[in-house]
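Residue numbers (the working numbering), protein chains in the order written: chain A, 1 to 113; chain B, 1 to 113; chain C, 1 to 113.
Don't read these hints as lab results, they were simulated from the structure. There could be a bad hint or two in this list.
Which copy is meant is left open, so a pair is good if it fits within one copy or across any two.
Unchecked claim - Distance condition first, Cα-Cα at most 25 Å in a straight line; then the derived DMTMM-like pairs of lysine to aspartate or glutamate: (1) LYS19 x GLU73; (2) LYS2 x ASP67; (3) LYS2 x ASP94; (4) LYS23 x GLU6; (5) LYS35 x GLU87; (6) LYS93 x GLU5.
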Amino acid sequence: MKIPEEGTLLRVFIGEADKWQSKPLYAAIVEAARKRGMAGATVTKGIMGFGRKSRMHAANILRLSEDLPVVIELVDSAEKISAFAQELDGMIKDGLVTMEPVHVALYRSDTAR
Amino acid sequence: MKIPEEGTLLRVFIGEADKWQSKPLYAAIVEAARKRGMAGATVTKGIMGFGRKSRMHAANILRLSEDLPVVIELVDSAEKISAFAQELDGMIKDGLVTMEPVHVALYRSDTAR
Amino acid sequence: MKIPEEGTLLRVFIGEADKWQSKPLYAAIVEAARKRGMAGATVTKGIMGFGRKSRMHAANILRLSEDLPVVIELVDSAEKISAFAQELDGMIKDGLVTMEPVHVALYRSDTAR
Chain A
1 MKIPEEGTLL RVFIGEADKW QSKPLYAAIV EAARKRGMAG ATVTKGIMGF GRKSRMHAAN
61 ILRLSEDLPV VIELVDSAEK ISAFAQELDG MIKDGLVTME PVHVALYRSD TAR
Chain B
1 MKIPEEGTLL RVFIGEADKW QSKPLYAAIV EAARKRGMAG ATVTKGIMGF GRKSRMHAAN
61 ILRLSEDLPV VIELVDSAEK ISAFAQELDG MIKDGLVTME PVHVALYRSD TAR
Chain C
1 MKIPEEGTLL RVFIGEADKW QSKPLYAAIV EAARKRGMAG ATVTKGIMGF GRKSRMHAAN
61 ILRLSEDLPV VIELVDSAEK ISAFAQELDG MIKDGLVTME PVHVALYRSD TAR
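Required output: the full structure, derived from the provided sequences and hints.
If you want it as structure tokens, here you go:
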């Protein structure tokens with residue numbers, strides 16, 4: 001399991017309540033990342049946010065507590081991240097995906113030693 | 001509602017307890033972003049941190065639980081992000097704002113279809 | 001306390017349960033950052049994730065709730081961040097550290113005025 005020194009950070013902004021085949025979309029994305037052998041994934045839950053659907057519902061423009069934003073982050077090689085972004089394209093109906101280059105200063109696993 | 005493929009990520013690091021006109025600063029920033037028609041905003045709350053005021057209070061250098069750090073993130077065009085950063089300049093007495101270019105791989109809203 | 005306009009963002013992805021000299025690794029990293037006079041640090045806890053050790057334990061591939069991912073973020077000058085990354089190298093047995101350039105649009109402290 002390696003990540004090149006010049007890697008790519010992928011960030012996915014979706015809602016906690018978004019679903020994929022009746023399971024939470026964020027969990028489905030993490031599972032898809034694992035199946036593809038991505039180096040790792042981290043899901044963080046926000047406490048407030050707006051975007052996406054909320055545009056249509058001015059009264060509810062701040063996302064309700066049952067649909068708080070979540071951010072999923074993955075770091076891997078540019079190639080693996082690009083391929084994974086293609087897969088996400090079929091899963092996300094409502095959300096934002098960004099990519100940016102990152103320098104990997106350290107990537108280490110207990111199990112590799 | 002569009003974000004160009006080459007967008008900008010704005011990140012605001014402040015304290016949960018910071019106020020703006022007697023409301024939480026992070027909520028005021030989210031509301032200001034919505035009023036400006038920014039594409040979205042996500043607020044995440046940290047579990048520990050230091051910075052800013054804490055420098056003066058060595059005994060309390062780790063932020064107390066009632067003033068945990070919050071991070072607000074917005075992605076939009078460079079122009080909209082720059083204009084919004086100007087507005088933030090008048091709201092933040094104590095904090096950090098960073099900008100970085102990001103590639104927008106996907107931006108999709110249910111309501112746009 | 002200054003950060004140059006062109007700063008560096010350091011991000012550390014570890015597990016909440018990771019230890020350093022019998023204290024939580026994330027707390028040890030925040031303390032080390034403070035001792036070095038870094039401008040600040042923010043620790044965020046994830047709600048789900050995988051990576052690192054989890055590769056070896058397919059059944060537990062999603063991190064257990066007692067070892068959720070944490071992300072530590074610091075922004076400072078490229079020089080200070082690089083030096084701090086060297087220190088982290090001796091502390092992290094299992095994790096990921098990334099660096100990326102960021103534009104510092106605002107850095108302000110109440111106490112500086």
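Hints not upheld, ascending by number: 4
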